[in-house]
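Novice: Sequence:
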Amino acid sequence: MGARGAPSRRRQSGRRPRYLPTGSFPFLLLLLLLCIQLGGGQKKKENLLAEKVEQLMEWSSRRSIFRMNGDKFRKFIKTPPRNYSMIVMFTALQPQRQCSVCRQANEEYQILANSWRYSSAFCNKLFFSMVDYDEGTDVFQQLNMNSAPTFMHFPPKGRPKRADTFDLQRIGFAAEQLAKWIADRTDVHFLYGTFLLASRKLHLIAIRVFRPPNYSGTIALALLVSLVGGLLYLRRNNLEFIYNKTGWAMVSLCIVFAMTSGQMWNHIRGPPYAHKNPHNGQVLFN
Numbered sequence: 001m002g003a004r005g006a007p008s009r010r011r012q013s014g015r016r017p018r019y020l021p022t023g024s025f026p027f028l029l030l031l032l033l034l035c036i037q038l039g040g041g042q043k044k045k046e047n048l049l050a051e052k053v054e055q056l057m058e059w060s061s062r063r064s065i066f067r068m069n070g071d072k073f074r075k076f077i078k079t080p081p082r083n084y085s086m087i088v089m090f091t092a093l094q095p096q097r098q099c100s101v102c103r104q105a106n107e108e109y110q111i112l113a114n115s116w117r118y119s120s121a122f123c124n125k126l127f128f129s130m131v132d133y134d135e136g137t138d139v140f141q142q143l144n145m146n147s148a149p150t151f152m153h154f155p156p157k158g159r160p161k162r163a164d165t166f167d168l169q170r171i172g173f174a175a176e177q178l179a180k181w182i183a184d185r186t187d188v189h190f191l192y193g194t195f196l197l198a199s200r201k202l203h204l205i206a207i208r209v210f211r212p213p214n215y216s217g218t219i220a221l222a223l224l225v226s227l228v229g230g231l232l233y234l235r236r237n238n239l240e241f242i243y244n245k246t247g248w249a250m251v252s253l254c255i256v257f258a259m260t261s262g263q264m265w266n267h268i269r270g271p272p273y274a275h276k277n278p279h280n281g282q283v284l285f286n
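Residues 1 to 286 (the numbering used here) are what the sequence shown spells out, left to right.
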């Protein structure tokens, strides 16, 4: 009697069991599918980025500056994801273009890229590439570019800003000037001269700009000394010409004219190869 008449615990508590609303199951399923899709998309993006970096490292291991056409430019520079900086020189090196400035700028660019490639700090955060007009005309049209050479920095995130285009006409294209510009735009700093300029960046990667030795001056000096020595040896019995005032006057005049020439001024001041007239926009060459 007691067992039959005793109220159950559910009745005694006065509470009814709670169930999820029927409409919440599709929502949870949709949320689960969305999380799976986002996770898969993130994994796919990471795999794509790893493939791009691996390909760029392979190219860099073979040569310090790799050439790009329109397809490669869009894949490795314009299309995300990208976690590396890319320095691109837009140029026209084909002989029919007759761009002597492009060849000179390419030599300086090669020195800079080799300094980065053969340094101990070489990593996958900075790459050097080149787009030739005859190989990537569509790239020039896409960027509304009508002059060469032009250096641009493409940052890891976002679009290039105005400062990401190197002011070649005002600064020149020496490897040291390019290195200073790269130091301002990235975390990679190049050493030029004796000391590294003061940096405001916390993570500093210092690369020394290494120029291959140039023995032309040494060879010319050795030839000159040999010529003078040979002349003195042949005239060893008659050295009266050494006391010739007219001869020394001519030599002095030649030295004065050489030291006051425009070539010596260019050698000392190192002005840019070309600059633009701010009034009429005309490009003048030094």
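Heads up, a few of these hints could be off.
Claimed, not checked - Below, in silico cross-link-like pairs of lysine-lysine (DSSO-like), each with a Cα-Cα straight-line distance of 30 Å or less:
hint, residue 1, residue 2
1, K125, K245
2, K75, K43
3, K157, K180
4, K161, K180
5, K72, K44
6, K75, K125
7, K161, K245
8, K43, K72
9, K78, K125
10, K44, K78
11, K52, K78
12, K78, K245
13, K45, K125
If you are wondering where the hints come from, they were derived from the structure by calculation, not from laboratory data. Please read these numbers as outputs of a predicted model, since none were measured by experiment.
Novice: Would you mind marking each hint as holding or not holding in the structure?
Specialist: We went through each hint and held it up to the structure:
no. : hint        : result
1   : K125 / K245 : violated, 65 Å
2   : K75 / K43   : holds, 18 Å
3   : K157 / K180 : holds, 21 Å
4   : K161 / K180 : holds, 17 Å
5   : K72 / K44   : holds, 20 Å
6   : K75 / K125  : holds, 17 Å
7   : K161 / K245 : violated, 63 Å
8   : K43 / K72   : holds, 23 Å
9   : K78 / K125  : holds, 16 Å
10  : K44 / K78   : holds, 18 Å
11  : K52 / K78   : holds, 12 Å
12  : K78 / K245  : violated, 70 Å
13  : K45 / K125  : holds, 18 Å
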